[in-house]
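K.L.:
Sequence:
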Amino acid sequence: MSSRIRAQARRVIIVLTALFSCAVAFLAPMQRAAAEPGQWPGQYHYHLNDTSYRYDGIHGSFTGDVVYAVQSPAGGNRLIWSLRLSPYVQSLVQGPMSCGASVWGKPGYHDFHPSIPADYWWHSAVTALQLDTTYTLYAKCDFTAINGYTTAPGNVQYTVEFTLHSS
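Take the sequence shown: its position 16, counting from 1, is numbered 999 in the working numbering, and each next residue is one higher.
In case anyone wonders, no lab produced these hints; they're calculated from the structure.
The reader is advised that the hints may include incorrect statements.
[As the list claims (entries may be wrong)] The following label-pair restraints were derived from C-beta to C-beta distances:
#1 H1093 x G1040: 20 to 30 Å
#2 P1056 x P1136: 41 to 51 Å
#3 N1032 x T1134: 44 to 54 Å
Note that the structure is predicted; figures quoted are calculated from it, not measured.
Think of the CB as a built atom: it goes at the ideal place given N, C-alpha and C, for glycine as much as any other residue.
The task is simple: from the sequences and hints, build the whole structure.
P.N.:
Encoded structure:
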């Protein structure tokens, strides 16, 4: 194998390793600074007096705020969430991203953006949620990544399990 081909193969492996690390780190459980006793990372249990969750990590910032129907009857129970990728992840993205989200346990909810910039502030609302039901928000962005030498397909994905408790 020529030295040029070996060098290019090595660069592709470096990009894939960096992307795999990025995806694995983003999939790593999200943890709240002051979690409830027994709270698992990547989960949040909302209550009427505890309606906000925020996670800031090296791969991005996620927020989730709930509104209970008793607080706003016209809107029902809902989760309002947002995600912004970190500058580090944004620096890997070459061109637009394609991002989609769904909620396991909530058929019919989808939020899809076929062509958004890496610095997009992704936000959405999941409505008509049932109390005392566990849901999982799943989101994924696909993009072309660059490491300074070469490009390769990349993605980030995350999940957050949540429950709106009635008491």
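K.L.:
Against the structure shown, which of the earlier numbered hints fail to hold, in ascending order?
P.N.:
none
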